[in-house]
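Novice: Here are the chains, one letter per residue:
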Amino acid sequence: EDQVTQSPEALRLQEGESSSLNCSYTVSGLRGLFWYRQDPGKGPEFLFTLYSAGEEKEKERLKATLTKKESFLHITAPKPEDSATYLCAVEGGATNKLIFGTGTLLAVQP
Amino acid sequence: DVKVTQSSRYLVKRTGEKVFLECVQDMDHENMFWYRQDPGLGLRLIYFSYDVKMKEKGDIPEGYSVSREKKERFSLILESASTNQTSMYLCASSPTGGAGELFFGEGSRLTVL
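Residue numbers (our numbering), protein chains in the order written: chain A, 1 to 110; chain B, 1 to 113.
One or more hints might be untrue.
Cross-link-like lysine-lysine pairs, in silico, DSS-like; alpha carbons within 27 Å at most [what the hints assert, rightly or not]:
hint, chain 1, residue 1, chain 2, residue 2
1, B, Lys18, A, Lys42
2, B, Lys3, A, Lys42
3, B, Lys55, A, Lys97
4, B, Lys18, B, Lys71
These are calculated hints, taken from the structure and not from any lab test.
One chain only, chain B, in its complex shape:
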């Protein structure tokens, strides 16, 4: 069964902490994405990557960075967490040419105090 695995389902961090969210996919997909989901705002794209060591900004990249050292792994980094980054974070992957047919992970619910 194909899978996108996010390392942490629930995290609680303090303002100013550095936060790492890890995502691994086992489908050999080229494309990987990080979204955040907030009530009333829907899914918003933070960063995406079409290849190893490649990254592109999405619609709301401020306060975030990403790393893709291996094809199967895409990490989201919050350099200095703030309370307005409290959200559900969703990682997704898709094969080349299948940009709209995303496979999502279970999500990581981050609370920043």
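The shape of chain A in the complex, shown without the other chains:
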């Protein structure tokens, strides 16, 4: 079964404390992996697309990487404004639809 699993469910960091969020997937024929940021009460905002193992994308304090089984979202020296839920989605599998994970709720304390 095509599946996307994100871990941890929640993560609390101190400002400046770097860490990584994980997105593992079991999807055949991966066409793309996507990261989104969602603030409370708002719709998700697109961050990155990764297409193949070894690919990396960066935006400010965020860097996304991809292997054949998982993706990591690395957050370097986070600030309180990085607090949000980060969603991972995968396109591919039997139906070629977009499958979302349930997200990681990140809280960065000053």
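Got chain A; can you put chain B on it based on the hints?
Specialist: Okay, now just chain B, sitting in the frame of chain A:
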């Protein structure tokens, strides 16, 4: 600034009422989607459309219908609202070939009493 606009941020309806959720995008995107988001279940696809007057069922279409009469507008209809349809509803759009790079609206939080 590109935008997906959902007509209502918060709605409270009674069981059995017909509910319309409207979504308009100003990016000339071909693809439009309706998702619902529930705690612990993530985003689940209700319906999508790749062209005007075209619609396809997503993963959880039961109890919903959609309408796309114009390219920029995609409406979600709950024919007879039930309490288990209480949820956050998210509309999204994407250009052709960009199925995974979605632009979302702010969401419509529906409560059915």
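Novice: Which numbered hints are broken by the structure, listed smallest first?
Specialist: none
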